[in-house]
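Chains as they are written, first to last, in my numbering: chain A, 25 to 292; chain B, 136 to 299; chain C, 561 to 1331.
Incomplete in silico selection of chain C near chain A, CB under 10 Å:
id, residue
1, Phe-1238
2, Met-1255
3, Lys-1326
Bear in mind the hints are in silico, worked out from the structure with no lab data behind them. Just so you know, even glycine gets a beta-carbon here, dropped at the ideal spot from N, CA and C.
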Amino acid sequence: MGRYKLIIDRYEKPSTVEEAYDLLSSTPRSVVIGGGAYIRLGKKHVDLAIDMCNTGLDFIIEKRNTIEIGAATTFRQLEKSEILKNYYGGVIPKTVKDLMGVQMRNIVTVGGTIYGRYGFSDLITTLLVLDCSVVLHKRGKIYLEYFLKEKNNDKDILEKIIIKKDERIASFQTMKNTSADFSMINVAVCRKNDKYNIVVGARPGVGVLATKAMIYMESSMGDECDLEKVGEIASKEVTFATDLRASKKYRKELCIVLVKRALIEVTK
Amino acid sequence: MHRACKKGINRGDEVKIFVTINGGQRNIDIEADEMLLDMLRKIGLVSVKRACDTGSCGVCTVLLDGYPIPSCSYYAAKAEGHNITTIEGVQKEAIEIAEFLVSEGVEQCGYCSPGFALTILGMTKELQNPTEDDIKHYLVGNLCRCSGYVGHLRAINKYLEVKR
Amino acid sequence: MKEVNKSVTKADGLGLIMGAPAYTNDLAMNNALVIKVLRSPHHFAKIIDINTEKAFNMPGVECVLTYKDVPRNIVTRAGQGYPEPSPHDKFILDEYVRYIGDEVAVVAAITEKIALQALELIEVEYEVLEPVLDFENAENNTSMVHPEPECHSMFPMGFEPAKNIACTYEMNVGNIQEALRKCDVVVKGKYYTKAQAHVAMEPQSSFAHIDIQGRLNIISSTQTPFHMRRIIAEAFGMTAGKIRVIKPRVGGAYGGKQAIHGEFLVAAVTLKTRKPSKLIYTRKEVFEATYCRHAMRLDVTLGSDKDGNLKAIDMQILSDTGAYGEHALTVFMVAASKTLPLYNKVDSVHFSGKVMYTNHTPAGAFRGYGAVQGNFALESSMDELAEKLGMDPIKLREKNMIVQGETSPIFKIMGEGGEGIEMSIESCKLDYCIRRGTELMRWKYKYPRNQIDKNTVRGVGMAIAMQGSGIPYMDMGSAILKLNDEGFFNLLVGATDIGTGSDTILAQIAAETLGVDTQKIIVHSSDTDLTPFDCGAYASSTTYISGHSVKKTAEKMKEMIEEEGAKRLDSLQNQVVFDGKFIKSLETKEKISLKELCEQLYYKYDQKQLIASSSYVGTKSPPPYMAGFAEVEVDLETGKIKLLDYVGIVDCGTTINPNLAKIQVEGGLVQGIGMALFEDVKYSASGRLLTNSLMQYTIPTRKEINKITVEFAESYEPTGPYGAKSVGEIGIDTPPAAIANAIYNATGVRIRTLPITPEKILMALKGDASV
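Only chain A is shown next, with the shape it has when bound in the complex (with noise of 0.2 Å):
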């Protein structure tokens, strides 16, 4: 009943990636800290934090073909971004602008959400569905879908994520209790052509890419019916269970729905 909170011996603020990834890889019980405030929540005793502050990667940075954001960059940068705006429909800003309020917005950070694999957060499914790709300091870049699934435990420090920069279209559905709630399922569905992306996430476990409904798609006729029957497949080969905001049964009953709603908006 005793710790209730992180409790920290040690608070570091290297001005480089290089600094903070010999920090981290020469102690053992050592965190990196993005904003910090879902990290403190956690019961442990760790000998350092390395926070990431003063290392340059709050970013967002258009480039010729691709889109590249730090993982220092905070959820409200990505809220009020003039580029994020203007690609993939605004699905980024769209995604994190009703994530509990400003000010948790302004200091919560893409690395801390994406190292974090949080199974709640709606970040995490709508950069899936973008095909984003993240780059570690000492393994370089992995398609984000990768690194979610894998089981690597191996120390290694965010530095940013990057997005191919293209017509796609994308859009995110959410479910949840009060607007500053966490999400009781995310969807997230993305356009190119006639190639689809469909995730599903806080079910409650983190984003997946739902292959089988993807697949279905792209050979249906698009017609609302058949949109409901990609709902229904994606709802199928998705795992899902019971917590405290919502049961199994209505999770899969609102996959399909929001995959529904999700592909008419970006069939439209």
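Position chains B and C relative to chain A; hints supplied.
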């Protein structure tokens, strides 16, 4: 043995951070895992209050470089080099907002009020001509259990009208 | 009326927003020892062995207490009048722990960090006992939550701890079985409500110190300072004269602070160490280890003739009071006594039930206090009856509801834990409230439903409600007015302002009576040494009871001023009048200003200090009334509910302060909306509370509230101060039933368990019978 917190601090070390609070520059002793909320209360700024301790309610809001953040969830060590504003530091601006809230009768137990007033101040600096939906969106992270919210909107609408 | 029915600004409003130090944790001394509590990890256990040596020896730890170190006097923690209608079932610390969160041991250290570390060094061996976790199966359970021989009730209330029964009650008007038999139409329903959490933004907080007279001073965020003084004295075997309780600013309470919380422990530590100590609850502790609303099962049967004349009401309640019985009997009784009299023309009423002990977090007082649970069941049933009759639900209510000038036999039968008081209703504007509400809601265009598109449907629903204004012959309030030189007054009241602005409205009442500006009245409240007695902020008693005592006191003061003025004008007292500024002779037109009078009174001639004091006990409890109307929009594919509009028309008599009264109703409405739609209490498979933080327990945010319209009926209660009744609780009563009715009208789905969630609606629409 004081050393500045530019790089880091150790548990048990006497370490100071250099931070600007309400316009005044301070060197403050902090611990490695001290939250900004506790640091501010420690130096006497008791307007900053703890309510939920999970960043869910907005009661502990302070302005960091003019932007609202939840001080209960922000490590004090991060604050180095930044400008922190609590309600004690913006009495003149805050009184304007406060007078509208009080004249609407909507300020009840007062516990959420300082954090709320600071968020409103942050909003007036960030948003030009916000609609009612914009206002609700900006303030949604500030919970209030006493007032029922609609009185706040009445007061804020009046305040914004006068500001224009 | 000049100062009453005026939206005077709250005296402390500006100061609080600007961050002045005002709450318990702001005022606690810097060197106060920080208390942390070792709390039971088990639902139910006996402490076989507890070793605190290592903890005590830790540098910085000043005190470690277990049940062996504190007096063993059994009391109730409930802040109620004496003899309390709650069972005496709590020791300061006990060898039994009865819920996850119950106090095992207490550490006081010089810093919070040290105290937390010391907690981990306490070694406890528990004998884990079989817990009682289902209130519906608590009676036949072999496990006894209260095996201690000392527990008892202060008067007969059906207290049977061997069966885990905290209290039982039954009352009859007429013969219910016969009455139901004669009915043409009968509806029956079973309803469930949950253990809603108060979520006051300020956690329970208290600190204590010994003053220079060697007395224990407790500063606490509390609703009942005077009851607290008495209970602390009883628990510690002290005389009340050795204790002072002060209430500073309170950051919200709503009933959650109408009982002892940390005060036993700060008292114990400070008495032991002679040093100041403080206990500030964490949010998790507030959820798990303070109080919640009584979860209830309500079985309601209504019967009427085919013309819609209600003939019989049967209400049976099973209530879960958790590990301790604070407010068990009274909340359970109010569920009936403040709902059933709404329909006073019936031939027969039957109410019965039991309140069960379980090993859950203790339930206690919470705004509405049973009436909101009872209202949900009764007003949902009324709509069901209307439908079965083929009758408009508003017409059904108008036909059967209580009317001004009438009475109900229930008033005499049911009081606070026992018998009540016969009472005729001298102010009731329910008819207006309903009419005005239907107008503002545009009911006739919206009832029952509107299909917006294939997947979206809207519906409207309503409910009426009543509450009370204090407890007659029990709740007492008093006031002292002191005239100061220059002609301003100190008003000292025991009444407890918990953020409601009662300090301000009591000043308004005094000002109105004296004929002065409210600004001339400086209020100090809730200090058991300096202010006179008041039962505290509960039962919606402050305006009616405390307000009355203020009015009487101000009348006395006015007479005193007139007497002194008359002397100096060489007149008789009945030949002068005080108009707020001057004491004027009615005959000679000579006058003396209050200011001049004060100069004489304090410095110049026949000097004396004018002080007036009076008390008031109510002889009735005139109910405020309300009609609440809800409009909802339901997404038929997901079950998601949007509350589009809520209209509430209130009859609270005169609104002493219209702005503050409005906020009381709006605030209560949003809490009721939370209870209806958003606030769910969830337990793990093993019975542990999962919704124990604001990340999991979701109260409404401002985005959930689209439109709320509150208006007040023109009403005047002749027995109330300037015609006022009360307004503190009535706001919370209607939303659960009004929203449930609106959802039924929109979708055909009747949900009888709170909260009404999208999942329940969707599953019901899909024909899932388990909802």
